[in-house]
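Q: Spelled out, the chains give:
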Amino acid sequence: MAQALAPALEQALDRPGQDRPGTAGHDHVLKTSRAHLSADHLRLLAQGAVRIIQVGGFIGPQACGIISRGAVALGYEPYLNVSQVRRIGMAYYETGHEPALVERYFATARQCQERLRQACDPVGSPVDTARCLLDETWPAGAHLQTLAGRKMFVGLSRMVEPRTTFLAHHDVFADDAPGMPESESVLAQFAANVYVRMPERGGELLMWHATMSVAEFDARRQGAYGIDPRALPPPDVVLRPAAGDLLIFDARRLHAVAPPEDQARLALSFFIAYRGDDEPLTCWS
Amino acid sequence: MMLPTSEWMSVEGELNLRNLRALTAHQVQVLRIPRFVGSAACADLAGGLRSTGYSDYRNAPSVGRIGMSYFETERKPEIVEHYFATALANVSLLRMACAPHPFPVDTLRCLFDELWPAGCGVQVLYGRKMFVGLSRRMAPGVPLLAHHDMFGRHAPGTPEAASLVSQFAINVYVEVPEAGGELALWRDEITDAEFLERRGPHYGIPLGELGPPDFTVKPQDGDLILFNARKLHAVLPGVGRDRLTLSAFLGYRGPDERLTVWS
Numbered sequence: 001m002a003q004a005l006a007p008a009l010e011q012a013l014d015r016p017g018q019d020r021p022g023t024a025g026h027d028h029v030l031k032t033s034r035a036h037l038s039a040d041h042l043r044l045l046a047q048g049a050v051r052i053i054q055v056g057g058f059i060g061p062q063a064c065g066i067i068s069r070g071a072v073a074l075g076y077e078p079y080l081n082v083s084q085v086r087r088i089g090m091a092y093y094e095t096g097h098e099p100a101l102v103e104r105y106f107a108t109a110r111q112c113q114e115r116l117r118q119a120c121d122p123v124g125s126p127v128d129t130a131r132c133l134l135d136e137t138w139p140a141g142a143h144l145q146t147l148a149g150r151k152m153f154v155g156l157s158r159m160v161e162p163r164t165t166f167l168a169h170h171d172v173f174a175d176d177a178p179g180m181p182e183s184e185s186v187l188a189q190f191a192a193n194v195y196v197r198m199p200e201r202g203g204e205l206l207m208w209h210a211t212m213s214v215a216e217f218d219a220r221r222q223g224a225y226g227i228d229p230r231a232l233p234p235p236d237v238v239l240r241p242a243a244g245d246l247l248i249f250d251a252r253r254l255h256a257v258a259p260p261e262d263q264a265r266l267a268l269s270f271f272i273a274y275r276g277d278d279e280p281l282t283c284w285s
Numbered sequence: 286m287m288l289p290t291s292e293w294m295s296v297e298g299e300l301n302l303r304n305l306r307a308l309t310a311h312q313v314q315v316l317r318i319p320r321f322v323g324s325a326a327c328a329d330l331a332g333g334l335r336s337t338g339y340s341d342y343r344n345a346p347s348v349g350r351i352g353m354s355y356f357e358t359e360r361k362p363e364i365v366e367h368y369f370a371t372a373l374a375n376v377s378l379l380r381m382a383c384a385p386h387p388f389p390v391d392t393l394r395c396l397f398d399e400l401w402p403a404g405c406g407v408q409v410l411y412g413r414k415m416f417v418g419l420s421r422r423m424a425p426g427v428p429l430l431a432h433h434d435m436f437g438r439h440a441p442g443t444p445e446a447a448s449l450v451s452q453f454a455i456n457v458y459v460e461v462p463e464a465g466g467e468l469a470l471w472r473d474e475i476t477d478a479e480f481l482e483r484r485g486p487h488y489g490i491p492l493g494e495l496g497p498p499d500f501t502v503k504p505q506d507g508d509l510i511l512f513n514a515r516k517l518h519a520v521l522p523g524v525g526r527d528r529l530t531l532s533a534f535l536g537y538r539g540p541d542e543r544l545t546v547w548s
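Listed in order, the protein sequences are those of chains B and X.
Start counting the first sequence at 1; every next residue gets the next number (our numbering).
Start counting the second sequence at 286; every next residue gets the next number (our numbering).
Okay, chain X solo, but in the shape it has when bound:
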């Protein structure tokens, strides 16, 4: 779907209901909250996350993470089981990595719950609580390939996925490279079938196979950025230092329904 240029926009401001509604209504594509985490806290969080230790995604090598993304399960029962079995311990691990500072994902969950009329809670799937708050590390020079995020692909035939109206990505930037590491977005939404065909053997579409992104955002340390995860998006390679983030998805099911979060 082509959007008029005026609607293809980024809003900077505070996290409030008006901005959340603009995001869920797709009136803005990118909502950026500068200094969601202070710079001193960012430095401490980066240290705590590094000493907790990153390990590579099962299915996206060269992307390090703490916690586990549901995307990694690829619907394999034993990996799904592992995901749920470790979900709450992983939240606790990230909380400890951030201590004595607040785990920014906890603060965000509380803020969503305070702002959104129907509140916000952790996504439940198959009667079990999902994990939320994945930390990712991208080494310099490594891009995150273009992809879109579709809960329905990973949890097909579930009421939780079927009821989803929109899926937004949430990223808190703990450490970003001086140059590079931009979030890149493309205007077009493609079907999941087309995406799976185009990505071939990779987890995403190599950047060289797409035209230039329609929009890029250069995050700063401490930024919170929310965007429509069903658009193709990628991370451009960073220069000089790692890019550390905390990330989650935000599930929207209508103005009177609870928001849900998961990773």
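Chain B extracted, bound-state conformation:
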């Protein structure tokens, strides 16, 4: 299958006017546009042939301004289990296997969904557009993830404040929802982020090629939610998205965010599960 996709990779990486593989700092990044995002691109990501799909200008500057102001007005609050990271909505990761928090996550899912739309008003939620595009692009479609028959929330908004980081971590649905057919069936987990505000300096996405077992990751994070990037070798991929970009990347690999220097970085984020070429993609936060 990797061979069958080679022409798609060539074409995607060779599109005129865009960075070619080998351009400093942009190895492993497949650049495309909203109109050209294809199922082949997602397959390449699932196979590990690329690390990041960069959809440039997924939303315009006007929408970025409206959404970031709307989100700030709505108010970011700390993660329940990671006080340094602020968000609107609730990540399933925050439930930490606590039944009461799992209940709270599902009970507030629809409300969180509507609050995100409200924050974006009068422009559209880019997460809605992305979900529709994935459904149109992927042969078997894309839909909202359910867990034990309940709909998950999708479209967390997160803030990385100046001089703070997201520690290096990986995202593994089966770690957050162990023993569930919905999580155990995931073959690849992508993170999707729409950047609505970017600092002038800093705020890069840092990625490492290495995958780490959950056991090793847990041993190395020493009680923190992730590993200090300074304790790791230099990242293999460094990408500074522009405001308005959508990045879809392989969330099973270690990744981190470099500290923004001048202003907070705001992004809308969700996960995409891949379970094979003929299975629907699913989305959640």
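One or more hints might be untrue.
What the hints assert, rightly or not - In silico contact screen, one side only, chain B against chain X (beta carbon under 8 Å); selected entries:
1. 62
2. 122
3. 123
4. 124
5. 125
6. 141
7. 148
8. 151
What the hints assert, rightly or not - Take a look, some chain B residues computed to stay more than 10 Å from chain X by CB distance:
9. 43
10. 72
11. 164
12. 169
13. 176
14. 180
15. 182
16. 183
17. 200
18. 206
19. 258
By construction, these hints were calculated from the structure, which means they are not laboratory data.
The beta-carbon is built from N, C-alpha and C at its ideal position, and this holds for glycine as well.
Starting from the known structure of chain B, fit chain X onto it as the hints suggest.
A: Chain X in isolation, oriented as in the chain B frame:
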């Protein structure tokens, strides 16, 4: 089939699972969600759609549209090919026409996916994604003739059409005339063979050839209305200004099956 009067009804409210279930169970015939799109957004959408430009249906002149209805293909291979070849570009065109507001059909697709237990996705036919979100413009004085919508006529012998239990029409009203432009529905369902015979050379049955409608709804700007598309329905002529809508079909295959949408 005659329905007791009590079941021949319209429900106004919010889009939720209870109302969707009542619609799919035919407990309500018309589900109306007022102010699905705000009035300021409606004005912007109308401007964006007009500047994108309407062109006439291939087989229903005097009805303008952006995008293409599968009904227009009439099973002609080259038109079917054109429909699929332009499907996703047309969705993108409508998204751009609505920008910076959300394309209401996208929001609706997400809401169906969030509300319906088995989710919702774009209808696939012959292994290809269908178009969804047709915008239609009816000029003042022009009715939309009475018709019913039967996916099976346009996609005969396909599992996608055969598995359909019900087909609902979805309309988001972006601009409606002050007077006229009502959605008219008839209680009786007729077979497709009878419909094709009665419509003769037209795309639908002229209103004068039917008795008065059993039910009419006067949409307001921003309304979302869903109804059973297998009932005969028509649009009465509007007065004064255009009637602009975004429309799609909703395919229902059972309580545990995914909903699908297409135009």
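Q: Against this structure, judge whether each hint is valid.
A: Cross-check of the supplied hints:
{"no.": "1", "hint": "62", "in the structure": "holds (6 Å)"}
{"no.": "2", "hint": "122", "in the structure": "holds (6 Å)"}
{"no.": "3", "hint": "123", "in the structure": "holds (4 Å)"}
{"no.": "4", "hint": "124", "in the structure": "holds (3 Å)"}
{"no.": "5", "hint": "125", "in the structure": "holds (7 Å)"}
{"no.": "6", "hint": "141", "in the structure": "holds (4 Å)"}
{"no.": "7", "hint": "148", "in the structure": "violated (12 Å)"}
{"no.": "8", "hint": "151", "in the structure": "holds (6 Å)"}
{"no.": "9", "hint": "43", "in the structure": "holds (17 Å)"}
{"no.": "10", "hint": "72", "in the structure": "holds (18 Å)"}
{"no.": "11", "hint": "164", "in the structure": "holds (31 Å)"}
{"no.": "12", "hint": "169", "in the structure": "holds (28 Å)"}
{"no.": "13", "hint": "176", "in the structure": "holds (20 Å)"}
{"no.": "14", "hint": "180", "in the structure": "holds (17 Å)"}
{"no.": "15", "hint": "182", "in the structure": "holds (13 Å)"}
{"no.": "16", "hint": "183", "in the structure": "holds (17 Å)"}
{"no.": "17", "hint": "200", "in the structure": "holds (24 Å)"}
{"no.": "18", "hint": "206", "in the structure": "holds (31 Å)"}
{"no.": "19", "hint": "258", "in the structure": "holds (30 Å)"}
Checked against the numbered hints given earlier, the structure breaks only hint 7 and satisfies all the rest.
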